[in-house]
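Enquirer: Spelled out, the chains give:
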Amino acid sequence: MIGGLFIYNHKGEVLISRVYRDDIGRNAVDAFRVNVIHARQQVRSPVTNIARTSFFHVKRSNIWLAAVTKQNVNAAMVFEFLYKMCDVMAAYFGKISEENIKNNFVLIYELLDEILDFGYPQNSETGALKTFITQQGIKSQTKEEQSQITSQVTGQIGWRREGIKYRRNELFLDVLESVNLLMSPQGQVLSAHVSGRVVMKSYLSGMPECKFGMNDKIVIEKQGKGTADETSKSWKESVGGGKQSIAIDDCTFHQCVRLSKFDSERSISFIPPDGEFELMRYRTTKDIILPFRVIPLVREVGRTKLEVKVVIKSNFKPSLLAQKIEVRIPTPLNTSGVQVICMKGKAKYKASENAIVWKIKRMAGMKESQISAEIELLPTNDKKKWARPPISMNFEVPFAPSGLKVRYLKVFEPKLNYSDHDVIKWVRYIGRSGIYETRC
Amino acid sequence: MTDSKYFTTTKKGEIFELKAELNSDKKEKKKEAVKKVIASMTVGKDVSALFPDVVNCMQTDNLELKKLVYLYLMNYAKSQPDMAIMAVNTFVKDCEDPNPLIRALAVRTMGCIRVDKITEYLCEPLRKCLKDEDPYVRKTAAVCVAKLHDINAQLVEDQGFLDTLKDLISDSNPMVVANAVAALSEIAESHPSSNLLDLNPQSINKLLTALNECTEWGQIFILDCLANYTPKDDREAQSICERVTPRLSHANSAVVLSAVKVLMKFMEMLSKDLDYYGTLLKKLAPPLVTLLSAEPELQYVALRNINLIVQKRPEILKHEMKVFFVKYNDPIYVKLEKLDIMIRLASQANIAQVLAELKEYATEVDVDFVRKAVRAIGRCAIKVEQSAERCVSTLLDLIQTKVNYVVQEAIVVIKDIFRKYPNKYESVIATLCENLDSLDEPEARAAMIWIVGEYAERIDNADELLESFLEGFHDESTQVQLQLLTAIVKLFLKKPTETQELVQQVLSLATQDSDNPDLRDRGYIYWRLLSTDPVAAKEVVLAEKPLISEETDLIEPTLLDELICYIGTLASVYHKPPSAFVEGGRGVVHKSLPPRTASNESTESPETAPAGAPTGEQPDVIPTQGDLLGDLLNLDLGPPVSGPPLATSSVQMGAVDLLGGGLDSLMGDEPEGIGDTNFGAPPPAAPARVGAPIGSGLSDLFDLTSGVGTLSGSYVAPKTVWLPAMKAKGLEISGTFTRQVGSISMDLQLTNKALQVMTDFAIQFNRNSFGLAPAAPLQVHAPLSPNQTVEISLPLNTVGSVMKMDPLNNLQVAVKNNIDIFYFSTLYPLHILFVEDGKMDRQMFLATWKDIPNENEAQFQIRDCSLNAEAVSTKLQSSNIFTIAKRNVEGQDMLYQSLKLTNGIWVLAELRIQPGNPSFMDLELSLKCRAPEVSQHVYQAYETILKN
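Top to bottom, those sequences are chains H and D.
Counting the first sequence from 1 gives a position; the working numbering is that position plus 12.
Counting the second sequence from 1 gives a position; the working numbering is that position plus 636.
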């Protein structure tokens, strides 16, 4: 199991050091600093073995978190734990920075004592932790309160405490998708997938039982042939508006979801944590709506000049607006000057990033825009050709590129007298670019 | 709250000030002081001098302060054991506190104080806490047992904590169950033999129930524990799999990977014909792909594991090539791993896409990545024949870029392509030669020189090219020197007239002016060959080369199986067994996949993959040139060390190579299989076996009693002379092989026909088809005086290194004595390899017989046998050929028989006995086996047994 956990600043100074096992000595702290943080080369692996001691590390801004062990631990678990540790810290004091860590070191030690015991991760749900790790000294808890805390921390529903009350029962569902694309210069889709998340903010009283439904192909087909003729409609008709049903390649759920029920009936039922959490993640690869198409044209004019023309086309309902559009066109390292003309938005050559950055605030569907640039090059004797990194794009669209639709979210709370109808529900779809690249 | 100020106090006299503050009356001041102490501790300052003052602050109802003091205690108690005792009272008292959080805190902290004296005081509170009414306290106490066990294992056993811990597995609270499982698993690791976890269907059922209810971490503990269980049959395996599969949708990647581990392991027990097997395969792909959208560090862990899974069961991800395409912004460690998997998944169906990608990668920035991409193109060419042409033209394009490291890498792989597809792409040689000057890495230079030498007859100025290398001969690395020597000798053999001077030059450089023994030796060998018999030299140096296999750097199958059992853990990230990186006894128990239990599937398990199967699953790696020649000189043939098989084989390696690789390549292959090529020779007939029963005492006893009652065991041929005295400076060796009660031995008779006393005998075997190796050193107790003869029985095992021999049953032996080393080879009768448990179940026999394709059937005649069916059957049984059924068809007796070889290969036989003339029978033997090349030798064994 995890033998110790260290947090360093960018200089390699220790901010937090907690050792759980006897086989990890103080020299381990220095070994990591010397061999990883101060290493001359770029990090070649997130797992490093130094003198039979294994170091797992993740970086958050300029803070290093390292877990150390001498045993054959579950490596996936260690990384999951490190991410979780970051989440917990962020939930307590915001951004993970040197300043914040130093300011909260007592709290961090208290957390580390609670969520790792002898190197075994324990309950690390912030909801539960916040009930008894408060930094307020000991509150005079009543016996009931105490046993409520312990039963929540160890219980089946460790992510929610009893007795939550809201005057207004309300919930928010955000369907957040990032659409990823790799396209060849000829416009052939090399790979495309959507990775989506359903994030829920729940402000519900009691211990509500929720059931979530979406237009999952398997479920819809199960429910009979009644809707079959609708599903056969060509997806093009509903571009931007979503399809009747979508094929989900795979999905994973927050630990509150009853997985065995999903496995057998494909129904998603759960008791939600209070506040914000990620209900599910999913991935689709079929019939993805690619909101933008990038058409690059790069021409080398002699050895000292490049002509670049890039056309972008929006491919969704004209009534919808895409926002925060940004196209990055990489330029060679020996660029000496750039002249840009664009039809819409603003374009700038950023020498420090070796790219032309073209920004458009808003763009409606079924539109087209163009940029052309002349790039002057310094003559070099470097034989190596320029690697031509892909043109990448960023944007945000108000629909789910996978076509996912929330069909229902039902809430049952048998003990309290509010019903599904009394709950105010909000649903929002946001599609963002993930890695959206076109080779040129 | 700005606690960061505590990090900045570095002035002198600090300790003294702190001491004063700690003893202050004001609570706030005290707390501030303790915080300062902890901050100093964190940055590595020694604040142990404040021990008594800090401990004094322990008695407080401020939980935050208490926790800080405990933190200090955990750090310094070990350095101040006597003072630590001061704290005991408070701990014991806290364990009785009405607040469960405080009870748990006390027991948790106490377990972390690794002082012997304290552990004694810990027992009573711990016992209470294990039975506490509050689950939070119980789950903490469960982990505490593991802590205590780490400090004092005996104490834990004596106090009966293990039993209490076992009881907690049935606790009503899922988190208590999970922690108890984690603690027990850890304790069990340090007692591999004890049956601590006592997994049985009932306890497994409890774990599976808790699995649905506990935290994500608890699920990991339980799944990791489940993976250690071996279900009793395929039905149980399936039902566990069914209950584990929902975990594949968990958001926590570690839960998913641990579930994958359980499924991959238990799948081994399921029959491939089951519908469920197919369902399971399909269910595994999506979650594995999803892991690739996790954070990069987890992607890395996932990719390392997928690399194993793809090797074990390529069918799972064969359609998912695209997800392994490299993204421009992937961290380099993710890129390299993806590339590796892409090559493994490359097939005819997707090769066009893969090549296009690889070409793209070859223009990237990172040097390592680019090199690997270029190398990958070469591997595609070798793996998918249809793509070879395209790969070669891609490589030529890349050579045109003139990027130094790309060119070098391309030349290295083109050399391999030449070897795989001789006489196809030699037209590109001219292009390669243009780049001669830019090569500065030894591997690329060696590859280029090999190409020039190999195709000397087609390259007009080959002599000039090679001569140009010769100028700086002594500055080259050994690899290049060796290659140059061989290439020039080749050139000379092909164009003797113009190159005599050159060859003399290189021979003298290699033999007279070099200090490198490898080089010198090879030089002398060539020199002598050329001067004594140029025809023979030609045969040796220009001999046909063995084909290279398509798959490289595959993990050796037994290791792969072991690593599959470690999916998700560090071992799977390092691709090494835990014993390679974990100190001490922990986690070094070797794990292996469960055997398949259902019907005829066993014959399909990897251990018995048909010999020479086109899949080439176990390429035999050609030892690098350096090793071979090193061994030629390294003539200390120490007696083999008997002991664990692993140790034996590693110790023997050197000596085995001495006659194996080394001699072989001198005689048969050409010796210039360019150093460091990782391409294998044709797959061996019998892959390394996995622990076959060598002398499973009990079953042998049963066989004896149920058998014919002849204690003689298998048929033993009379001794024959293997090594005549003339050839061995007076040592004559004759011998034979026997198999008795499950053990094989080599009965030797050594006769000293020389005039001097012989001592210091030792024996080694070359790698052979079935891994035969001496199980003990050759024991010749007294020196062997002239004219004296000794009889020795040398026990053998079959755990040695495996290499396919021709003929299959050829065994090359080296015997050493004080005079010299002698080599001879002999053929062993195959029936010494027939194991005692070679009796197949009837049903299985029928199924297997049908399952083996007809082209694997071989027919033989055994004429003039004087036995009837009964006698034949009895006689064969004593040599472990078992009759499973007998039938009489139209007056002819039909016997159905089975036998199993030590490496797990089954041979099925149908023996038709037809009366030929009144007293002699004619037998017709049909053999079916997945490795048809053994049939001939099995037939010979039949004949020998039946005729003697």
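Among the hints, erroneous ones may be present.
Rough simulated footprint, nothing fancy, chain H against chain D, three-plus residues with beta-carbon under 8 Å [claimed, not checked]:
#1 730-739
#2 886-896
#3 962-968
#4 1058-1065
#5 1425-1433
Interface residues of chain H toward chain D, partial, derived using beta-carbon atoms under 7 Å [what the hints assert, rightly or not]:
#6 Val165
#7 Pro308
#8 Val310
#9 Ser431
#10 His433
If you're looking for bench data, these hints aren't it; they were derived computationally from the structure.
Quick caveat, the model's predicted, so the values are computed rather than measured.
C-beta atoms are modelled at their ideal positions from N, C-alpha and C, and glycine is treated no differently.
Enquirer: Next, verify each hint and record whether it holds.
Expert: Comparing the hints with the structure gives:
Closer than 8 Å: that is the beta-carbon criterion, and the region 730-739 of chain D has 4 residues meeting it against chain H, so the requirement of 3 holds. Check result for the region 886-896 of chain D against chain H: holds, 8 residues qualifying (beta carbon to beta carbon below 8 Å, three or more required). Coverage of the region 962-968 of chain D by chain H holds [criterion: at least 3 residues with CB-CB distance below 8 Å; count 5]. Counting residues of the region 1058-1065 of chain D whose beta-carbon sits less than 8 Å from any beta-carbon of chain H gives 0, not enough to reach three: the coverage restraint is violated.
Counting residues of the region 1425-1433 of chain D whose beta-carbon sits less than 8 Å from any beta-carbon of chain H gives 0, not enough to reach three: the coverage restraint is violated. Of the supplied interface hints, the one on Val165 of chain H holds, with its beta-carbon coming within about 6 Å of a beta-carbon of chain D, less than 7 Å. Contact between Pro308 of chain H and chain D, as hinted, is not supported at the beta carbon level, the nearest pair being about 15 Å apart and thus beyond 7 Å. With a cut of 7 Å, the hint placing Val310 of chain H at the interface with chain D is violated, because the nearest CB-to-CB distance is about 14 Å.
For Ser431 of chain H, the interface hint is violated, since its Cβ never comes within 7 Å of a Cβ in chain D; the closest pair sits about 28 Å apart. Taken as an interface hint, His433 of chain H does not check out: its beta carbon lies about 30 Å from the nearest beta carbon of chain D, beyond 7 Å.
Comparing the model with each numbered hint stated earlier shows that hints 4, 5, 7, 8, 9 and 10 do not hold.
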